[in-house]
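For reference, the chains in residue letters:
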Amino acid sequence: MRDVNSGMSANAQSTTDPIIICRDVHKWYGNYHALRGITMEVRRGEVVVVFGPSGSGKSTFIRTINRLEEHQRGQIIVDGIELTHDVRNIERIRMETGMVFQQFNLFPHLTVLDNITLAPIWVRGWTKAQAEEIAMQLLKRVGIPEQARKYPGQLSGGQQQRVAIARALAMQPKIMLFDEPTSALDPEMIKEVLDVMIELAESGMTMIVVTHEMGFARAVADTMYFFDQGQIVESGPPDQIFGDPREARTKLFLSQVLSH
Amino acid sequence: MSAETPTASKTVEALPPPTERYSVVRWLHKNLFSTWYNTLLTIVMLVLAVLAARSVLEWALIQARWEVITVNLRLFMVGQYPTDALWRIWACVALLAFLIGMSWGIWGRMQRGGAIAFGALPFVLAIITSDELSRLALVITGVAGIVGYALSWRWGAALQRVSIIGWILYFPLLFVLVSGFGADDSVLPPVPTNLWGGLLLTLLLTIVGIVFSFPLGVLLALGRQSNLPVISWLCVIYIELIRGVPFISVLFMAQLMLPLFLPGITIDRVVRAMAGVVIFSAAYLAENVRGGLQSIPRGQYEAARALGLNSWKMMLLIILPQALRAVIPILVGQFIALFKDTSLVVIVGLLDLMGIAKTVLAQPDFLGLQAEVYTFVAFVYGVFCYLMSAFSQRLEAKLHAGR
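Line by line, the protein sequences are chains U and L. 261 is the number that this note's numbering gives the last residue of the first sequence; the numbers go up by one with no jumps. 1185 is the number that this note's numbering gives the last residue of the second sequence; the numbers go up by one with no jumps.
Not everything, but these chain L residues come out facing chain U in the computed CB check (under 8 Å):
hint: 1; residue: E1084
hint: 2; residue: A1085
hint: 3; residue: K1095
FYI, nobody ran anything at the bench for these hints, they're computed from the structure. The structure presented is a predicted model; accordingly, all values stated were derived computationally and were not measured. C-beta: ideal position from N, C-alpha, C; glycine also.
Excised from the complex, chain U in its bound form:
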């Protein structure tokens, strides 16, 4: 039997070498310069929170890491594989990288269980029984094993997002990307999703999280990056970002986010 957590404890052992390297990443949409030279290194087991005003390029950036968006200049290396036009490299990186979306993006025509087992069966080549066993473990881990036979449309937003997390984890990724995972949720459902993410962070998973949840960032982030106008304005551990931000723009943004 496969242990869902085995990959993560292995990650935690070598925390020094970077698993994601981004060097001077640029991205244009037509004439609009969306990313202007992003350089970032993420260590194994590190939890990175990316925050900033809307339109600052944080979602675009996280989507370049698994090639949902293509970068036009610079270098992105994920787990030793460089992202190029080579389709095999892209598919290998996507297998190692789980992603959770703002709008959940569950497959509405499949049950919760089938949503989770689809990729392990069709991409990893596991048997159905194997995949379903792992899926049930993961559903227990995110706290909704009783919903396995339902369809996504029958679940609340918070439950759907937890299924989406389980679906991403089922591929046993080395890295998890979260693109504003709580922005489409009602306030009362945000907590149940954040609890799952905190548990995941504590288990040693490498995570990049785009979020406005500053409480979450303060609790689990190792490093925070403040994005504005396609650039990293400031980065550092949460203590420094919250306690002693150096840039005026960071101060202004934090004062607006934290004022209520």
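Mind docking chain L on chain U? Use the hints.
Same frame as chain U, but now just chain L:
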């Protein structure tokens, strides 16, 4: 305060939703006689309806010479298909009844009333018919249907795979049985296609049209969205070209041009007509499927890609199942149109149901019986179209369960 007053601590009892109950008189008053002009309209319409119904019934029951149908029934059903090979058609019908019965028991258990009506139909027909052989065949058909239903009622889900394989094997088997093969003295001597006719030919054209144009249409729709310009242009040119031309000209082209394109090979006339139907239908299907593809939000593509699915798996497992589900009513509508459009093969000299109607009307015994013949033809088309549309509604309800 009295003791019966409900308090917050008590569990609130759910009330049933209010129902509007009307007596017949109130319903009539509300819908038909609410004002003086509504009353007037109702009375005028009622008089007209009675007059119309009376003359229609008078014609249908007294004046109409229905013997034109009963005498030529075999012609209407199978054209000039040879008598000693008729058992093959009956075998196809009985097998079809078996498969329908089995599928009904597996997927349609809720519609028990429909199943009983459907199962009783062959026996009712067997009582009506005057021909001994047809009676025997109809009874066998009915029994086959009941056996299929009983089997799946007993074993249900275990037979799912069997019945799917059965349906897939049915279509090639149908053609082997109908057309035959080998020498003239073999078990299944070949029946030349110029003897195929009537409802048999209409249904064969429709089945081939659906079975082949559906995958072709899906491929064209996917090709039109392809990132490779050559593929997408070719698909666009094909789709727009065919859609810009009437069906009749496609049929003519298939009859006249296919032999020109493929010199040295003689293609059967019926096969050429089938090719025309497929070519025409695929172009329209492609556009309908494209509509379904465009209704799928971008997030579905992104989620599939983020999980590492390649383009083919993404299309087959995530995008197409949703896209096709979204356009079931449109697809079935198009299949119904295809079924009716096959009547145009009369133009290229084939005797489908419509063509047989014309030849029957040309018989000296039955001159001037257009009303009877066309009423019957319309009834047959109507029954099949209704069955297709009823099936599509059931399918839709089934696939949308849980959402």
